[in-house]
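Trainee: Read top to bottom, the protein sequences are chains A and B.
Each residue of the first sequence is one higher than the one before, starting from 1 at the first, in this note's numbering.
Each residue of the second sequence is one higher than the one before, starting from 1 at the first, in this note's numbering.
I should point out that these hints are in silico values taken from the structure, not numbers from a laboratory.
Here the structure is a predicted model, which is why all the values come from computation and not from measurement.
Any given hint could be a false lead.
Claimed, not checked - Negatives, chain B to chain A, calculated, CB over 12 Å:
no. : residue
1   : M1
2   : S2
3   : W5
4   : S24
5   : A70
6   : D72
7   : Q79
8   : T93
9   : K103
10  : G105
11  : F109
12  : V124
13  : L129
14  : S149
15  : W155
16  : S182
Unchecked claim - Here are the simulated DSSO-like cross-link-like pairs (lysine-lysine), alpha carbons at most 27 Å apart as the crow flies:
no. : chain 1 : residue 1 : chain 2 : residue 2
17  : A       : K83       : B       : K83
18  : A       : K76       : B       : K83
19  : B       : K81       : B       : K103
20  : B       : K81       : B       : K102
21  : B       : K62       : B       : K47
22  : A       : K48       : B       : K62
23  : A       : K83       : B       : K36
24  : A       : K107      : A       : K22
25  : B       : K83       : A       : K48
26  : B       : K62       : A       : K107
27  : B       : K36       : B       : K47
28  : A       : K107      : A       : K83
29  : B       : K177      : B       : K187
30  : A       : K87       : B       : K36
31  : B       : K36       : B       : K103
32  : B       : K177      : A       : K22
33  : B       : K36       : A       : K107
34  : B       : K177      : A       : K83
35  : B       : K83       : B       : K62
36  : A       : K83       : B       : K102
37  : A       : K22       : B       : K83
38  : B       : K62       : A       : K83
39  : A       : K86       : B       : K47
40  : A       : K48       : B       : K81
All C-beta atoms, glycine included, are put in the ideal place defined by N, C-alpha and C.
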Amino acid sequence: MRSFVIAAALVAVASATCTDPKVQASSYTPADSQVLNAIPYIAEFSLKCGNGETPSLFADIDGDLVPVPQSIDGAKYQVSWIKELKKATTGDISVALYDTEGYTAVKRSRERGEASTTAPLVTIVVSYPGSYGGPMFNSEHFALAMSALVFYFAFSSRSSLLA
Amino acid sequence: MSHLWSITFMVFLAVVRLNADEGSARLLLSKQIHNKYLVEGMDIVVKYNLFNVGDGAATNVKVVDNGFRADDFDLVSGQLKYKLDRVAPGANTSQTVVVRAKKFGYFNFTAAEVSYSGEGGSGVVLTGLSSDPGQGVIIAARDYDRQFSAHLLDWAAFAVMTLPSLGIPFLLWWSSKSKYESIATKKD
Chain A
1 MRSFVIAAAL
11 VAVASATCTD
21 PKVQASSYTP
31 ADSQVLNAIP
41 YIAEFSLKCG
51 NGETPSLFAD
61 IDGDLVPVPQ
71 SIDGAKYQVS
81 WIKELKKATT
91 GDISVALYDT
101 EGYTAVKRSR
111 ERGEASTTAP
121 LVTIVVSYPG
131 SYGGPMFNSE
141 HFALAMSALV
151 FYFAFSSRSS
161 LLA
Chain B
1 MSHLWSITFM
11 VFLAVVRLNA
21 DEGSARLLLS
31 KQIHNKYLVE
41 GMDIVVKYNL
51 FNVGDGAATN
61 VKVVDNGFRA
71 DDFDLVSGQL
81 KYKLDRVAPG
91 ANTSQTVVVR
101 AKKFGYFNFT
111 AAEVSYSGEG
121 GSGVVLTGLS
131 SDPGQGVIIA
141 ARDYDRQFSA
151 HLLDWAAFAV
161 MTLPSLGIPF
171 LLWWSSKSKY
181 ESIATKKD
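The task is simple: from the sequences and hints, build the whole structure.
Mentor: Printed below as a string of structure tokens:
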């Protein structure tokens with residue numbers, strides 16, 4: 001009887017991995033960063049597993065493996081990080097997501113210093129096309145330049161006419 | 001002999017106490033606003049950083065931020081209430097949320113709350129508060145535009161307004177020049 005209970009427990013633990021993962025993701029990066037110090041990259045996604053699990057996930061962000069927060073009802077996960085304005089890169093950023101076993105495997109291989117061969121459970125992509133950082137040059141500088149140009153044109157025409 | 005036993009008992013107590021204190025989780029939550037200015041109708045970036053400075057893992061971690069009410073703020077992206085199954089000792093994790101203010105004025109950014117248990121199902125739920133960003137001023141959109149917008153429309157209007165004072169003398173000169181030039185060529 002006891003061995004049966006232990007065997008059942010082992011089976012339950014083994015089936016905690018997600019089978020046939022399906023991801024639906026939506027990401028957000030700001031379009032206007034004039035008032036910000038740092039750019040946030042936020043991806044919210046829902047994960048549907050074939051066996052109905054909601055496993056705890058770990059995300060690989062900038063080389064660090066961090067746990068992924070879930071909404072209180074467990075329906076959605078959120079991967080987010082911020083980058084300073086100057087260091088923010090545009091383009092598509094892929095984030096690899098691992099479950100607990102994948103996380104321990106990747107951590108072990110990184111500690112040993114070798115490249116990890118574990119495939120992530122899913123990968124999501126956050127795209128940052130760049131954001132508006134304010135006008136390139138001040139309009140008053142442009143107006144000053146234009147008025148200087150008009151003055152120069154008028155003065156040179158006047159000199160050539162009077163000469 | 002009984003002296004020795006009492007000493008042994010004291011040592012045993014001390015060792016047992018050490019073992020009981022080891023493996024306790026302690027979470028610190030920091031809430032930071034990453035904005036240069038807080039402007040009505042523009043993004044406000046809020047970052048929550050969770051650190052486990054204890055020796056044990058924290059389980060069943062729930063973070064709730066009730067400080068951005070729905071009638072004062074729009075949630076653009078991110079979740080203000082989230083949970084984590086387990087935070088290992090020495091680990092840190094973060095969450096970023098973007099909100100937009102619907103109103104301007106002084107706003108007191110309050111702390112978020114975190115609740116967690118230690119590992120091993122001790123059943124004791126510990127709670128904590130995040131760091132409190134304090135009071136900030138959310139500037140009205142029109143004040144921000146007055147100072148920071150490109151004012152292109154204003155300068156275009158200015159250019160149109162200066163056209164008469166430049167254009168009228170030029171037109172007068174041009175008409176008299178062309179009249180005298182035509183007279184001069186006719187004479188020759």
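Trainee: Each of the hints needs a verdict: does it hold here or not?
Mentor: Quick rundown of the hints versus the structure:
no.	hint	verdict
1	M1	holds (43 Å)
2	S2	holds (43 Å)
3	W5	holds (39 Å)
4	S24	holds (19 Å)
5	A70	holds (16 Å)
6	D72	holds (18 Å)
7	Q79	violated (5 Å)
8	T93	violated (5 Å)
9	K103	holds (16 Å)
10	G105	holds (17 Å)
11	F109	holds (15 Å)
12	V124	holds (21 Å)
13	L129	holds (18 Å)
14	S149	violated (8 Å)
15	W155	violated (5 Å)
16	S182	holds (17 Å)
17	A/K83 <-> B/K83	holds (23 Å)
18	A/K76 <-> B/K83	holds (11 Å)
19	B/K81 <-> B/K103	holds (23 Å)
20	B/K81 <-> B/K102	holds (20 Å)
21	B/K62 <-> B/K47	holds (16 Å)
22	A/K48 <-> B/K62	holds (22 Å)
23	A/K83 <-> B/K36	holds (14 Å)
24	A/K107 <-> A/K22	holds (24 Å)
25	B/K83 <-> A/K48	holds (18 Å)
26	B/K62 <-> A/K107	holds (25 Å)
27	B/K36 <-> B/K47	holds (14 Å)
28	A/K107 <-> A/K83	holds (24 Å)
29	B/K177 <-> B/K187	holds (15 Å)
30	A/K87 <-> B/K36	holds (16 Å)
31	B/K36 <-> B/K103	holds (18 Å)
32	B/K177 <-> A/K22	violated (80 Å)
33	B/K36 <-> A/K107	violated (37 Å)
34	B/K177 <-> A/K83	violated (64 Å)
35	B/K83 <-> B/K62	holds (4 Å)
36	A/K83 <-> B/K102	holds (26 Å)
37	A/K22 <-> B/K83	holds (21 Å)
38	B/K62 <-> A/K83	holds (25 Å)
39	A/K86 <-> B/K47	holds (18 Å)
40	A/K48 <-> B/K81	holds (21 Å)
Violated hints, in rising order: 7, 8, 14, 15, 32, 33 and 34; the structure is consistent with all others.
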